[in-house]
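**Student:** With the hints as constraints, model all of the structure from the sequences given.
Here the protein sequences come in this chain order: A and B. What the first sequence shows, in my numbering, is residues 1 to 269, in sequence order. What the second sequence shows, in my numbering, is residues 1001 to 1269, in sequence order.
What the hints contain is simulated information worked out from the structure, not anything from laboratory work. Being a predicted model, the structure only gives us computed values, none of them experimental. Don't take each hint at face value.
[As the list claims (entries may be wrong)] Covered by chain B, per the in silico footprint, the following chain A stretches (three or more residues, Cβ under 8 Å):
| no. | region |
| --- | --- |
| 1 | 78-91 |
| 2 | 97-108 |
| 3 | 111-117 |
[Unchecked claim] If we take Cβ atoms under 7 Å as the criterion, some of the chain B residues that face chain A in the derived model are:
| no. | residue |
| --- | --- |
| 4 | Ala1025 |
| 5 | His1046 |
| 6 | Val1150 |
| 7 | Glu1152 |
| 8 | Ala1159 |
[To be verified] Here are a few chain B residues that sit away from chain A, every Cβ distance over 12 Å (derived from the structure):
| no. | residue |
| --- | --- |
| 9 | Gly1023 |
| 10 | Asp1064 |
| 11 | Glu1066 |
| 12 | Arg1067 |
| 13 | Ala1070 |
| 14 | Pro1076 |
| 15 | Thr1109 |
| 16 | Asp1134 |
| 17 | Ser1138 |
| 18 | Glu1142 |
| 19 | Val1158 |
| 20 | Ile1169 |
| 21 | Glu1233 |
| 22 | Gly1247 |
| 23 | Arg1250 |
| 24 | Ser1252 |
By construction, the Cβ of each residue, glycine as well, lies at the ideal position given by its N, Cα and C atoms.
There are 2 protein chains.
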Amino acid sequence: MSEQPGAADEIMDGVYRALRAHGYADVTMQDIADECSKSKSLLHYHYDTKEDLLVAFLDHVISDSERRIAAHADDPPVERLSGFIGWFVFEPEAIDREAFHIALLELRTQGPFNQPIREQLVRSDRLLRGTVVDILESGIEEGVFRDVDVEETAALLVATLDGARTRQITLSRGANAAGSPGMNGDRSDTDDSGRNGTGGSASGGTSGGDASGTGTLDAVDRPEPTYTRAVAEATLRRIVEPLLAEGVERPSLEAGIAAMTPVDEDENE
Amino acid sequence: MSEQPGAADEIMDGVYRALRAHGYADVTMQDIADECSKSKSLLHYHYDTKEDLLVAFLDHVISDSERRIAAHADDPPVERLSGFIGWFVFEPEAIDREAFHIALLELRTQGPFNQPIREQLVRSDRLLRGTVVDILESGIEEGVFRDVDVEETAALLVATLDGARTRQITLSRGANAAGSPGMNGDRSDTDDSGRNGTGGSASGGTSGGDASGTGTLDAVDRPEPTYTRAVAEATLRRIVEPLLAEGVERPSLEAGIAAMTPVDEDENE
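**Tutor:** Given below as C-alpha cells:
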C-alpha cells in the first residue's frame, strides 16, 4: 500500500469486522468499505478483487501473530508453552471471536483450490509448529523439558488445539443465530448467495427459525467448560506434563490464557 | 423416502459424488441429479431445498458411521481404540476422500447459523466422543486400560484427530486444483457463485493459475508422512500408551487403519 501507514490498518480492521458479520462467502467489497469508512473504489484501487484483499488480510493476521509470538520469545519456555495453549481457549462469551474464526475456517476450505490462500495457510502452519519447536528446543536446552521429539510434539499440539477450536465454533450457535441486534439481519439477508445452503433456491425458513433464538440446543451449544478449555486442560495434563523435566511444575492454564492476548480481541477491535 | 429402498441410497451416492466435485457452496440440485441419474424434479419431490437434501445426507453419513462402529462393538478395546484412530488417517493418495471432507468442512462452517445442520454436527460429536468413552470404559473394566478420566480422554482424542484431518485437507492442493481430468472444470466454472472468493466480482485468474497444476508447493502439500498419519502415530505414543495397563502392548497404527474401512471409501463409491 502506498497510503499513509494508518490506512492499511483501517482497511484490515474493516475486513475483520465485515468477515465477522457476513462470513467469507458472502462478504462483499461494499461491506468492507462500509466497515472501514472508505469508498469501494479506493479498495479496488489497492486490491483488484475480494480475494486479493482477503489474502492481504490473512497476511496481516499472520504477521500480527508473528509479532505477538516474537514479543514473548524471551519468556521462560514453560510459560511460553502454556501461553501458546491458552491462546487457543475460547471463553463461552467470546461470540465475536468465534464468528471471526468461523469466517477464517470458511477461508481455509478454499486452500485446496486457491494457491495464494494456501500459501498463507502453509505459512501459518509453519509459524505455529515452528513456535512450538522453538519453545521445546529452548526448554530442552535449559533443562526444563525432557529430550522429546520436538517436531512430533509440535504437530500433535497444533492439531489438538486447532481441532478443539474447530469443534467449539462449528458446534456452537453463532452470534447472529442467537439474535444479537444488528448482526442477525446481516447474515439472514444473504440467502441468495448460497449461505445457509440455499444456493438461490426457495428456502430461508430454517435460517429464520434458527435466528429467532428460541432453539433448544443452548445447553449443548455452550457446555461448561467449553470444548477449547476442556481440551487445553487435558493437553496440559496429558501431553505437556509428561514433557516436563523432574521437579518442574505443570503450568496453570489461567496463567497461559492471561499471558497472550488473542490477536482478535485487541488491535482489531 | 417412500421410494423403493435402493433409490434413497442412489441419491445419497449422488450427493457424495456431487459434493466431492463441486463443494458444498456451489453444488446444485441439478449436479446431484446428474450424479445419481435421477431427475431434478424427483429430488425436489423428496427434498424441498438443497439444504434439506444435505441435512438428509449428513444424517445418512452419521448413521453409516454408527453402523460401522456398532459392527466392532465386541472387538477387544485396545483394537477398537487403534481402529478409531486409524479411521482418521488420510493417505497421500486419498484425493477423493480429501475432496469429500473439504465439502463436509464447508458444511460444518454453517453450524452456527443453521439449526438442522448443527443438530447433525452435535449428533456426530456425541457419536465420536461416546464411542471413545465406551471403548475406554470397556477396557477399564477388562483391566487393559488404567482408570483414567474417560470424558476428558475422549474430548482430547476427538479434537486431536479432527484437527489433524482439517489441517491436512486445508493445506493440501485439492484434487481439482491438481488438474485431474474432468473435475478441474467443475470447480473452476463456479467463479460466479462465490467459490474462490470472488463473490461475483471480476477474478478467476488465480483460480485458473492454480488449476494449471504448475505451483511450487507440491512438496509442502504432500509431506511424508501426512499430517494425519504423523499425528495418529503421536497420539498412539503420547496419549494412548500412557492409558495402557501394565504389560499391555501399544497397538500398531497399521492394524488400526486396516480394521476400519473409511465410510467414504467403501459403500459410497
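**Student:** Indicate, hint by hint, whether the structure satisfies it.
**Tutor:** Structure-based check of each hint:
| no. | hint | verdict |
| --- | --- | --- |
| 1 | 78-91 | violated (count 0) |
| 2 | 97-108 | holds (count 7) |
| 3 | 111-117 | holds (count 7) |
| 4 | Ala1025 | holds (5 Å) |
| 5 | His1046 | violated (14 Å) |
| 6 | Val1150 | violated (12 Å) |
| 7 | Glu1152 | holds (5 Å) |
| 8 | Ala1159 | holds (4 Å) |
| 9 | Gly1023 | violated (8 Å) |
| 10 | Asp1064 | holds (20 Å) |
| 11 | Glu1066 | holds (18 Å) |
| 12 | Arg1067 | holds (23 Å) |
| 13 | Ala1070 | holds (23 Å) |
| 14 | Pro1076 | holds (23 Å) |
| 15 | Thr1109 | violated (5 Å) |
| 16 | Asp1134 | holds (18 Å) |
| 17 | Ser1138 | holds (20 Å) |
| 18 | Glu1142 | holds (22 Å) |
| 19 | Val1158 | violated (7 Å) |
| 20 | Ile1169 | violated (7 Å) |
| 21 | Glu1233 | violated (8 Å) |
| 22 | Gly1247 | holds (20 Å) |
| 23 | Arg1250 | holds (15 Å) |
| 24 | Ser1252 | holds (17 Å) |
Of the numbered hints stated above, those contradicted by the structure are hints 1, 5, 6, 9, 15, 19, 20 and 21, listed in ascending order.
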